[in-house]
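Asker: Based on the hints, put chains B, C and D in the right spot on chain A.
Number of protein chains: 4
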Amino acid sequence: MTSSSSRIPVAILGATGVVGQRLLALLADHPVFEAAELIASDKSAGRSYADAVDWRLPGEIPRDIRDRIVRPLDTAAIESPVVLSALSASLAQDAEEELARRGKAVVSNASAHRMDADVPLLIPEINAEHVAALAAQRRRREGPGFIVTNPNCSTVAVAFALAPIHRAFGVRRATIVTMQALSGAGIPGVPSLAIADNVIPHIEGEADKIETEPRRILGRWSDDRFEDAPMILGAQVHRVPVSDGHLAAISLETDRACTPEDAAQVLREFRGEPQELQLHSAPERPIHVLSGARPQPALDRSRENGMAVSVGSIARCPVLGLRLEALVHNTIRGAAGAALLNAEWLHARGLLDAAVGHRAGGSR
Amino acid sequence: MTSSSSRIPVAILGATGVVGQRLLALLADHPVFEAAELIASDKSAGRSYADAVDWRLPGEIPRDIRDRIVRPLDTAAIESPVVLSALSASLAQDAEEELARRGKAVVSNASAHRMDADVPLLIPEINAEHVAALAAQRRRREGPGFIVTNPNCSTVAVAFALAPIHRAFGVRRATIVTMQALSGAGIPGVPSLAIADNVIPHIEGEADKIETEPRRILGRWSDDRFEDAPMILGAQVHRVPVSDGHLAAISLETDRACTPEDAAQVLREFRGEPQELQLHSAPERPIHVLSGARPQPALDRSRENGMAVSVGSIARCPVLGLRLEALVHNTIRGAAGAALLNAEWLHARGLLDAAVGHRAGGSR
Amino acid sequence: MTSSSSRIPVAILGATGVVGQRLLALLADHPVFEAAELIASDKSAGRSYADAVDWRLPGEIPRDIRDRIVRPLDTAAIESPVVLSALSASLAQDAEEELARRGKAVVSNASAHRMDADVPLLIPEINAEHVAALAAQRRRREGPGFIVTNPNCSTVAVAFALAPIHRAFGVRRATIVTMQALSGAGIPGVPSLAIADNVIPHIEGEADKIETEPRRILGRWSDDRFEDAPMILGAQVHRVPVSDGHLAAISLETDRACTPEDAAQVLREFRGEPQELQLHSAPERPIHVLSGARPQPALDRSRENGMAVSVGSIARCPVLGLRLEALVHNTIRGAAGAALLNAEWLHARGLLDAAVGHRAGGSR
Amino acid sequence: MTSSSSRIPVAILGATGVVGQRLLALLADHPVFEAAELIASDKSAGRSYADAVDWRLPGEIPRDIRDRIVRPLDTAAIESPVVLSALSASLAQDAEEELARRGKAVVSNASAHRMDADVPLLIPEINAEHVAALAAQRRRREGPGFIVTNPNCSTVAVAFALAPIHRAFGVRRATIVTMQALSGAGIPGVPSLAIADNVIPHIEGEADKIETEPRRILGRWSDDRFEDAPMILGAQVHRVPVSDGHLAAISLETDRACTPEDAAQVLREFRGEPQELQLHSAPERPIHVLSGARPQPALDRSRENGMAVSVGSIARCPVLGLRLEALVHNTIRGAAGAALLNAEWLHARGLLDAAVGHRAGGSR
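Chains as they are written, first to last, in the numbering used here: chain A, 23 to 386; chain B, 23 to 386; chain C, 23 to 386; chain D, 23 to 386.
In isolation and in its complexed conformation, chain A is listed as follows (with noise of 0.2 angstroms):
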């Protein structure tokens, strides 16, 4: 791993799936981060990425990357000092441990730390306080290493479509319904024959992760220990034939009066820290707020480069009392995107210094 410039390396794990993909268009040009190891599975070890990936991405690999030889999954070998992870949930378990031990800064996608009692699950936008729990991190590991996880691609819709309502009416329980697209399955992923011309009505561990995450992420870092927010979420889950883009049917309960216009306002102003830095994936407005009948993946999934969750058709429901459709681009803003945001809003704050600090030393 060699880089004449002045961004700092990142480690691309799982640097072949479609989070993967996404992962290295969006560092192409980064101004901040420089994909400089590429690791994926066994099979693909060896081999230049060109030959070793089945891109899937409109446009082609970026250039720099096409003949960079991909790696095994060697977490000693890692030079790094920023590792974003795209792994699935069984490797990433101890891979991203022995990362952190390593003193990488680790910012995963993958789900398997996410519920970790002192791994924040972060969406900058929305609880940037969880970032205190990195403390707790660094007090049973030595080093400046750490894990940081953003959620399941279908929990950022909700978290985002909650947040900003339950900051202001409180949120007391919603149902929630996923159409979800083919690429949250990855590749090979569901079959074309299992899908064509029909809707599955289930997706391996998904409503149990969009019943917990929100909670969590809406919840608060208190006594050196998360407390969830004392809402109640149900999912039900679906796999639609829709490239990307998955979109949630959502009721909710709150604990004060909230019209369908007060909901309106909330998302509509809704800002974060990655606004306040300008940072460089993030959205100007993180929600858009849109009228008729919308949001509609194929129209909506793209704004702001896929980075802005899309809601609408908000409504008053018969029998919770509000109601709204939200959409994530889920390769983007529910995986790659919202890593990568994570990323630099850890270096924006300055948490990567020392780990990349560590590195510098550790390589003399």
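Just so you know, these hints were derived from the structure itself, not from any lab. Take these hints with a grain of salt, some might be off.
As the list claims (entries may be wrong) - Pair ranges (Cβ atoms, derived): (1) C:Pro80 x B:Ser244: 40 to 48 angstroms; (2) C:Ser28 x B:Glu291: 33 to 41 angstroms; (3) C:Ala111 x B:Lys65: 49 to 57 angstroms; (4) A:Ala157 x D:Asp51: 41 to 49 angstroms; (5) B:Ser70 x C:Ser70: 47 to 55 angstroms.
Unchecked claim - Partial chain D-side listing against chain C, Cβ under 10 angstroms, derived: (6) Ala190; (7) Met201; (8) His302.
Glycine included, C-beta positions come from ideal geometry on N, C-alpha and C.
Answerer: Okay, now just chains B, C and D, sitting in the frame of chain A:
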């Protein structure tokens, strides 16, 4: 209109539309009814059926229908004693009332008269006793004519899923999120470019029907009026890129404790008069309870020739207590098959006799 | 394997795949054959069929098959005298030859032996006389066993479209462009993300089969060898996002002048032995000639239970003289139904008697 | 119409259609042209653009266009010196001629005047010299007005694929099979139910355009008339369920031997005036030559902002000698982008000066 058979001649209103086509396909070898008059818009009138129709069903146009001349909607000219109506709501409003006044038994799929104070909104497995409302119709109209309607296509899925649970445990409220097929919008219907790789979170007028019709269906006829079931329903509706089959994700709260196993049992055991009477179009089991990641439109919409509703993914809901997924073939059990089954049931119960006799007398 | 019926027991190789499923569905009420042994991969072996299969067909698994235990591929253990093979080419290569040596009548959908020097590549409407090659097989093998194959799914559409024209006018050359359905790749087959909103201009090995198999089929068995029809074929193949039904756009040049009307007439009048013998699976008319913007997969693939090929859009081609579009249901007439019809035809012609008798003798 | 910028004001005819929308999106930050007048059908006229349009593109309506009032088609009222026409052929016939008579430079995507005896059917990379026909137009019309057209969307793919090969090796004849996207039919266009899980082997008038337009484009202007290239083309056209991107499978015969490698080389090296002039909308490489199973609509349609045509799967054809697949983004390089590039090229060559000056004079 001449018919040498002993089958009851039927006029099909809206014969060239998607529902009209299904009706004609279902009537092709019907033991009781015969498609005697084909009525469609002025644009189609005067042409042979094969020439006027954009036939969208697999297989060919039934042979005896191909060369039949389509006639315009002229209520005075209709001779058949029984009328199956697949008209749009706006056309149905006056035409169906006029036909009933002229002594016809109008069995309608149109929404125009569904919520009329004395018109049964009939699913004979569920609310056969609503037929008592015909007495009220007779009081305000002379002669043997009447109107009976079947519900909106999505309502059928919801009503079947709720009916057995409501009877046994009392349904208090439910959130309903539908994922509806393209055939529900007919031809031309949804532009293909609008739904390609997309989901549209809106169908005009649909949510309102789903929130009101099941309450009527699950309510009762009492003291000469309909009394709605005291449940609250909330619906969010979506068009998905699927040809046939409306799927509904339902969360519901019951008066008395109902486990998923309880729900599965009452759903599985549910039967009604069409099963007892072994009506030609009646499914053996009106509700198929499925295990695994089901129901799925592509796999389950055609159960029992599209006349059975499928229910699956029954589980506890953290928010409302119980959740499940229900699927209906929207143009068969949700429309054409529903109307035809209503006609068969009315015939089996002798309720067409007056209209048929009236015509026989009248035409001599 | 026990069977109290008088039907001929059949072993299904590859019983859990897409073609195997179709075979079992077609055999559910078959008058001649009975699915007696279900053979699949080691992964499935030992489990009940319902447990092992990812059933992709509308409707339920045939009742008498559900609990049948799937067995691994062990040629020595197969008892049924007739074997229907839906194996992959690599497995079929040795297994089918071994089974033939063991006296089995192997009727195969696999490509492994299609171009063998003494194996009929059979479409009984077109080249029933190729069965003479079985004599050559018998010379190199002892006993009553043999292998008969059916063509590649796309080849079936091409062969039916060309055969009547070739006989009457001589086909000199043809360009063929296919648009092939997802079920042709089976499960898992094409990843859904790869084909969503897409067309893929490649299917491994397919163009070669389409360019060679029809020449064999339309050729003749003469002097103890196959002599290919002296036509030149060129194929460009595509996967399109359609569940079932392979469409081929064909331009062709004939030896003798052939107008579109001439072509339509010979196609329409085409019949063969399966029609004469009124075989159970034989379509009344093997080729349906359609007018208008046809054939279309969604509307025409299921003609005559999927056993008829549809041809339409017949017109003059400025380049080669004549053009047309041909459609086949790829898993029925193009695979499972083709194999089963071959078996029925072999039975009707007495060509299974030796194998059946052999088994009967052998098992006593 | 007022404009404080120095950009040339342009009137957009058919501004609310799919091609009109693309034009407006492409003009949003255009260095030369400014969308000054929005013209659409009477149904839209008088409404704001945001209100009148069913905006089908990702992202939002360009801000400065949203509130612009759409005007009806009144040729006398149009002030802009340059007119970009996305009208239907029937409306374009008279309106474009009338506008040219009124001194406008009409740059049209409509088919109405493409084959006129003195109207360039222009792809500036291929047949820039056809602009000489404008002299003939000027002789029959007074003033600075003229009409220039771009080809049918599928023709663009065919013309680019054939042009370099024709120049180097002479194309004698070719069979062309297209698989065309839904956006080519606009809104409402193809009913979704008609194309769901389907392919339609017909598009009205399309085959004829593909068989004639490339001959004009690849021909020459000589002795004051167009002389078609002496090649024979045959086309079979299909609508496939893909949102954007027309794919053409082409087999062709050349005068002089042309290997796949030869073809790839001349295609890869092809450049034209738009590249030399570095026009704003010009792709760096008008033809991208791809290896592997390419081009694919989902992956390749957006190369160089949709302005590059992709060619791949180049191989020997046993029938005609050479075969390949060509892809064009049908609403960008195949329509809106083609018209805009024509306008840019006319501007760079000074051919708009007279019309612009005329207007400047006229409006003083």
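Asker: Evaluate each hint against the coordinates.
Answerer: Comparing the hints with the structure gives:
The beta-carbon spacing between Pro80 of chain C and Ser244 of chain B, approximately 41 angstroms, falls within the hinted interval of 40 to 48 angstroms. The hint said 33 to 41 angstroms for the Cβ distance between Ser28 of chain C and Glu291 of chain B, and at roughly 38 angstroms that hint holds. At roughly 54 angstroms, the beta-carbon separation of Ala111 of chain C and Lys65 of chain B lies within the given 49 to 57 angstroms, and the hint holds. Separated by about 47 angstroms at the C-beta atoms, Ala157 of chain A and Asp51 of chain D satisfy the suggested range of 41 to 49 angstroms.
Distance hint check: the CB atoms of Ser70 of chain B and Ser70 of chain C are about 52 angstroms apart, consistent with the given range 47 to 55 angstroms. With its C-beta approaching chain C no nearer than about 21 angstroms, Ala190 of chain D sits outside the 10 angstroms limit, and its interface hint is violated. Hint status for Met201 of chain D: holds, given a least beta-carbon distance of 5 angstroms to chain C, under 10 angstroms. Checking His302 of chain D against chain C by beta carbon gives a least distance of about 28 angstroms; that is not within 10 angstroms, so the hint is violated.
Consistency note: the structure conflicts with the earlier hints numbered 6 and 8.
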